[in-house]
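Residue numbers (numbering that gives the first Met the number 0), protein chains in the order written: chain Z, 0 to 502; chain L, 0 to 491; chain Y, 0 to 94.
Hints are computed from structural coordinates only; laboratory data are not their basis. Ideal placement from N, C-alpha and C gives every residue a C-beta, glycine not left out. Possibly wrong hints are sitting among the right ones.
[Said to hold, decoys possible] DEER-style ranges, computed between Cβ atoms:
id, chain 1, residue 1, chain 2, residue 2, range
1, Z, Tyr98, L, Gly413, 39 to 45 Å
2, L, Glu392, Y, Asp3, 40 to 46 Å
3, L, Gly291, Y, Pro56, 53 to 59 Å
4, Z, Gln321, L, Ala350, 50 to 56 Å
5, L, Pro46, Z, Tyr98, 21 to 27 Å
6, Z, Gln321, Y, Ser31, 42 to 48 Å
7, L, Ala350, Z, Thr270, 53 to 59 Å
8, Z, Gly15, L, Pro355, 43 to 49 Å
9, Y, Asp3, L, Ala350, 42 to 48 Å
10, Y, Gly28, L, Glu392, 36 to 42 Å
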Amino acid sequence: MLDLTYTLPKPRVIAGARHDWELVIGMEIHAQVASNAKLFSGASTQVGSEPNSNVAFVDAAMPGMLPVINEFCIEQAVRTGLGLKAQINLTSAFDRKNYFYPDLPQGYQISQLYHPIVGMGEVLVEMSPGVARLVRIERIHLEQDAGKSIHDMDPAMSFVDFNRTGVALMEIVSRPDLRGPEEAAAYVAKLRQILRYLGTCDGNMQNGNLRADVNVSVCRPGQYEKYQATQDFGHLGTRCEIKNMNSMRFIQLAIDFEARRQIAILEDGGTVHQETRLYDPDKNETRSMRSKEEAHDYRYFPDPDLLPLEIEQAWVDDIAAQMPELPDAKKARFMGDFGLTDYDANVLTADLESAAFFEAVAAGRDGKMAANWVINELFGRLNKQGLAIADSPVSVAQLGGVLDLIASGEISGKMAKDLFEIVWTEGGDPAAIAAARGMKQVTDTGAIEAAVDAIIAENPGQVEKARANPKLAGWFVGQVIKSTGGKANPATVNEMVTRKLGL
Amino acid sequence: MNANELTIAAARDALRKGDLTAVDLTMSCLTAMDAGDGLNAFVHKTPEIALDQARAADARLAQGDAPAMCGIPLGIKDLFCTKGVPSQAGSNILKGFRPEYESTVTTRLFEAGAVMLGKLNMDEFAMGSSNETSCYGPAVNPWKVDDRQLTPGGSSGGSAAAVAADLCLAATGTDTGGSIRQPAAFTGIVGIKPTYGRVSRWGIVAFASSLDQAGPMTKTVRDAAIFLQAMAGHDPKDSTSANLAVPDFEAALTGDIRGTTIGIPKEYRMDGMPDEIEALWARGIAMMKDAGARIVDISLPHTKYALPAYYVIAPAEASSNLARYDGVRYGHRAKLTAGDGITEMYEKTRAEGFGPEVQRRIMVGTYVLSAGFYDAYYNRARRVRALIKRDFELAFAEGIDAILTPATPSSAFGLGEMASADPVEMYLNDVFTVTVNLAGLPGIAVPVGLDRRGLPLGLQLIGRPWAEGDLLNHAHVLETAAGFVAKADKWW
Amino acid sequence: MSIDTDTARKVAKLARIRVEEADLPALAGQLSGILGFMEQLNEVDVTGVEPMTSVTPMRLARRADVVTDGGQAGRVLANAPDAREGFFAVPKVVE
């Protein structure tokens, strides 16, 4: 199913003064594990709490305090690895990354440098139907988040809150396989979609629960292919890392700015220095981070407070057995089973809730029609009111009821839209509403025949004209439907008019 | 005999019989403690807590179901975090720090009814072998040969001095490279470092996490067994704590070691070892033989490399463990001058708060972990550590039950005597003890005799992992045979 | 390995310990002495020996994903040299 034959997207090319430039992008995504408690303490991960209230003594690095790992977080890393078709390492270990910063109370971050829990995997990033990039995942490791420094509460001081300190992050590291700003954003979107399907991260970018460090470099056309052939980074340009991006739009703007900045330096005969930069959305530019200016020497070494993390294959197998259907598979199935278009399948598999809603509506009904109604009517209406699918006033059963009335010919498409509106605003059973409000089409041929006979009898002039020009038969159809208050089934009326006029 | 001079075992029996109350026993210790100020052993006294605990202990004793440690007055090394009581690890950087939590060890002891008299002096962050790196000034050895004051050893020097001088019945210590055993040997008391993972590290200020282990410092081997029993056991809050049942250590003291095998490692016979130490060791061997043990010469070929490996691994871990002392959340923060930013705050705070030896070790640790040196120093040291552990495993696999060595290369030296010495010379104090920490094994120092000057000398027994009961039994036999009963003349 | 003054300065900087310029040569000398002592490790044949990961091998303990801690901002801040409005205050940090 996903031995998809796709072609590669074209890399973004930026024209320079003398020649073209291409972009090379790799990403480190920090995804917060959707856990109740922190990675190494029993403090809550909840956001919006009073400062320093979700803090255990170990989170504040009080003397003598020790970490104990949260098993759920290990499981989510494994689940994520399986979701990215990655190698799961049965033995991994935690290392300390040492540096001084006020929001890092221990003076080190517990991370996994030497032995990450997840190894090589991949993500298919579709850019348009049949055009996709297979991005290689180098590793996923578990690590602690840092706290939060607030710089604008006092002119001379920074204020530090450790509520976020020690919250579990999965750092998902890609190879430099992305070739343009749109691809980078699509990659983040795809990863977010998978994480949400897996339930391992809520993907909330606004809260910073999913954020990206973006490595950008530029090179002349042809260099990237040399890198891919040899995996020798020497063929690529010097990269700069843009830290902490949490908006798809800003990711694209930042990459574009950064690439142009580097090109300008290079074309000016200068050298790009490897450094950490920060994107300023107000000015739409990146700038060097002063706090990261000095060369870092993180002095990684195995955390002696923790033993190596051994997990059992049987446990991994259990997690694998409970994996949900992932977006690529679901999309392929929707296209195959329901005959959906690529576009519709994308829309309907964007998140689990939408997909589940659609599948329930489509069950035992016409899939394409269900897709049309879910996408155009339901999503259209939800978007208009800014509602999520979970808050939809129209249930699966109600929308299904509307579709059933259309399918049986009891209501017309136009009436169905009216009915949908009534169900949306007033609720109730669609069939009962249609009956009570006389919305059902008249399919009783006797009643229709009487109406047809009456119109023909009343309009001999029109009959003459229609016999001369059969195209004018439509006038009789319209009159009949009008006379039945719009309830007559147009197909039936049309058939009868044609017959009675002898056309 | 004053009550403070009792052993734990004797006090326990007297308390249970009603011959003594915990309050009277505690009062006796508080008096001795106040009279012992000249030893500079207690650095924070907690008489109110002690008397409250003693009264509660008496109530429990009256009900007849008191545990062995109930009502026993103890000194607690300053490295243990004790709730609401200053816990400074002998360092100015933790000046004023009063933890909001109680270490697992002290929690267990208090739950067993033990009484805390106060906090005991120590080398700063347990880095030292003479107690001279303490921010409180050195503790003083109650033993003396002339007018010179001697070191009680380190880092648990305050604990050793307090126990040897009968200021308390026993004390907690911690041992990263010999910090329980060396001061025990220097003061004529018993000190055991349990198997790594036997005693919880939670709430004990970390020096080198993979080596640190707390243990009791007592007047007798029996007391060590009783005390260790109360300290030990699995702690879910410490990931390196072993989930193993704690056997009845006191019941293991049968006094019978007939048929067991004692290994004598040839590599511990160092060049230039004082003949007194050599003679003491020979006496110890003879005692074990007389008790019915089989004596076997063994080889632990990587012994020579234990000290350099230790002085890579311990500072490396310490450099990271001590990064948290940054003036942000607790303890000392330097006064800043105009224009000082966060970096100046860190640098000034840490320069003012840490003493020279701690600074030195942090920098050594920083260096050996830094880019380009990690493999050459740190990983190589960890490989050598694996070899050192394997040496012991091979010996035990050949049927060795315990290993007998000297505890220290000399008796106690004078305070200030090593002031101008190279730091490495001071490190040599740990030569017989660090191997045990590197291999994670239990080791115990037992007083065996006096040197020519009349200062205590001890021997060390090293046991199999998790076999503290058996080790204590061997130590008990050695103790009985040696019959060491000497006490320091009271001069303080 | 001999440590020069520059290296000593760099190490002190990395360790965030202020060392006066005048004290650097002495520090460099002491560090050199200590590191020289460690050079003995080079005599050991460590071929095929894995660095020790844990001295008493056992299964790493895990905790359940349950909130059991926190809600104690006052106790967390109790020892702070400078706490304001529930935060730890430090000299301004520039990012």
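Which of the listed hints are broken here? 3, 5, 6, 7, 8 and 9
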